[in-house]
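Colleague: Below, each chain spelled out in residue letters.
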Amino acid sequence: MLSIEETPGKKVLHVLDPDLALLASEAAIDIDNLLSNRSKDLKAMRDLAGRLKNSVEVSAGGPPHSLMDPATLTVLGEAVAQAAGMTYAQKIEDLLAEAFKISDELSSEDPTKNIEDLKRAGDFCMGLSMAVAAYRKSIRDLRPMHPFRR
Amino acid sequence: MTALDHARKRIAVVIEEVERLKQSEFPYDHPRSALEILAVRFAHLRDVLNKVDPSEPPERVLSPCIISLEELFTYVPFLGFILRSTNVRNAFEAYAPLLRLARTILGSDTKLIISSEWDYSPYVYSSTDHLAGFVMIGLPAPESANPLLIPLAGHELGHTTWESLHFSDKFRKQIEALVLQDITEKRWKDYASLYPLLLKEHFIGNDILARPIFSTAYTWAFLQTEEIFCDFFGIRLFAESYLHAFGYLLSPGLPGERSVRYPNMISRVSHLVEAAKKMEVEVELGFVDCFRPSDDLSDPKTKLLVSTADTVSASLVPDLIKLAQEFADNKAVPKRDFEKVSEINAGFNRVIPTAKQHSLTDILNAGWNSYMMPELWKEIRQIKQENRDRILKDIMLKSMEVSEAFERIGEAK
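Each protein sequence line maps, in turn, to chains B and C.
The opening residue of the first sequence carries number 1 in our numbering; numbering runs sequentially from there.
The opening residue of the second sequence carries number 1 in our numbering; numbering runs sequentially from there.
If we strip away everything but chain B, and leave its shape as in the complex, we get:
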């Protein structure tokens, strides 16, 4: 039985969210700037970390559980693969655990404490922005183009 109450809920990662590609790109730039001591703007990182955390349900003792739709999960998998290398995970639970770790790094009080983890988070953010933009384009391309338009 479907209910029709209006519950917007917490912001989770959603591949068709129009802000996501730019947000992830901005977070990657902010990480680069943080690593080179150019600036300490953490807003985009924090925002992205919040969405990531809201997208993974973690229960004590049990495996993490995805609150994302399958398309977002696939795109997230591409981004995590970019950050962790090609042979990082076969199971969704591993992917989610990895994503949760990255969200911890992005929301850390002092993200520069572990430089390697921060670099990895930067790779993830860049990978995520590209994967999201590519997916958005693929949806746009479903619309037929004019036959004489080149």
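Be aware that a few hints might be false.
[Stated by the list, open to error] Listed next, the in silico DSS-like pairs over lysine-lysine satisfying Cα-Cα at most 25 angstroms (straight line):
id, chain 1, residue 1, chain 2, residue 2
1, C, Lys-200, C, Lys-186
2, B, Lys-119, C, Lys-51
3, B, Lys-91, C, Lys-51
Note that these hints are calculated values from the structure, not bench results.
Please arrange chain C on chain B, whose structure you already have, making use of the hints.
Modeller: Using the frame of chain B, we list chain C on its own:
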């Protein structure tokens, strides 16, 4: 010049263009408000690009440039849409009643922009986060002054409703389960022969290998589900007039392979008929015969994935009808009233617009009834038959204006 230089210059030019567009004469305030919001969006994009250090490795520099270019592809068409909302070809008389309807559905803060496009398809821009609260509906330019096609705005309002009220969340889990069931139970033989390296366990056990296949079928089922809901929402809002407008603009369908984001045209029409029956909306004799099936897809993998999407979206039809009905009923969206439609029709048949307050759906249904009367005004010598449709459309638009005036007088009392 580097790619980063180009990206920064491109954004600067768009920001200048937005400033120029703000000087346009807008017939109502909402397009200007949308421009203000888009200006902030582009300024943010400029600021992000300004944060990029060109000395970073190439992939770190090029990535935000790619994103900024994609953003322009996404948002520049909004500017054209807003500019065309100033064009006198648009049916401004329909603006107030459509805004009233949109606010009944989506809340009193809703903003509406009606515009046109030189693409032969009605469309809506989804209300993005930064343009939250905006409904942006466009009709094909040659038809943008045609009130008979206003019912198609019901489909487009459906998209905004679906998105703004997060209706997709209600179906996400259901669609996931149905896609999995279709792949691993109903069509496993077909999937196994086309994807020999994959096992059922890869799908059931959440294996990464199976995700791209699963998520493609899911995405198409998800998109189809939204489109089906929007058709049902159009029927609930505008009843018979929605079906007439749908037939006018889309029959018999386009040639070539079908789109994956809609059900096959014949299925789509069959869903419409099913919803119409449930909502006690009359389907014109011969409506179904106006359409022909779209061609099947030639690529076997795409064909199989879309057949899963078709099965899943079709199985949700009863739930989608119920959702469209219940939601509109709860919002007290007026239903087409046969008696009032007849009353308006009686006026139209004497070339007289309505002289009191009527709902938009009643005016549109009365308009379609008159439009479909072969004998309309044949006995009136002063009306040449070649002018008949134009005059009827004018009378419909005038009726919307008059009705809106009465509505406002009623509110003021």
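Colleague: Taking the hints in turn, state whether each one holds.
Modeller: Cross-check of the supplied hints:
no. : hint                  : result
1   : C:Lys-200 / C:Lys-186 : holds, 12 angstroms
2   : B:Lys-119 / C:Lys-51  : holds, 18 angstroms
3   : B:Lys-91 / C:Lys-51   : violated, 37 angstroms
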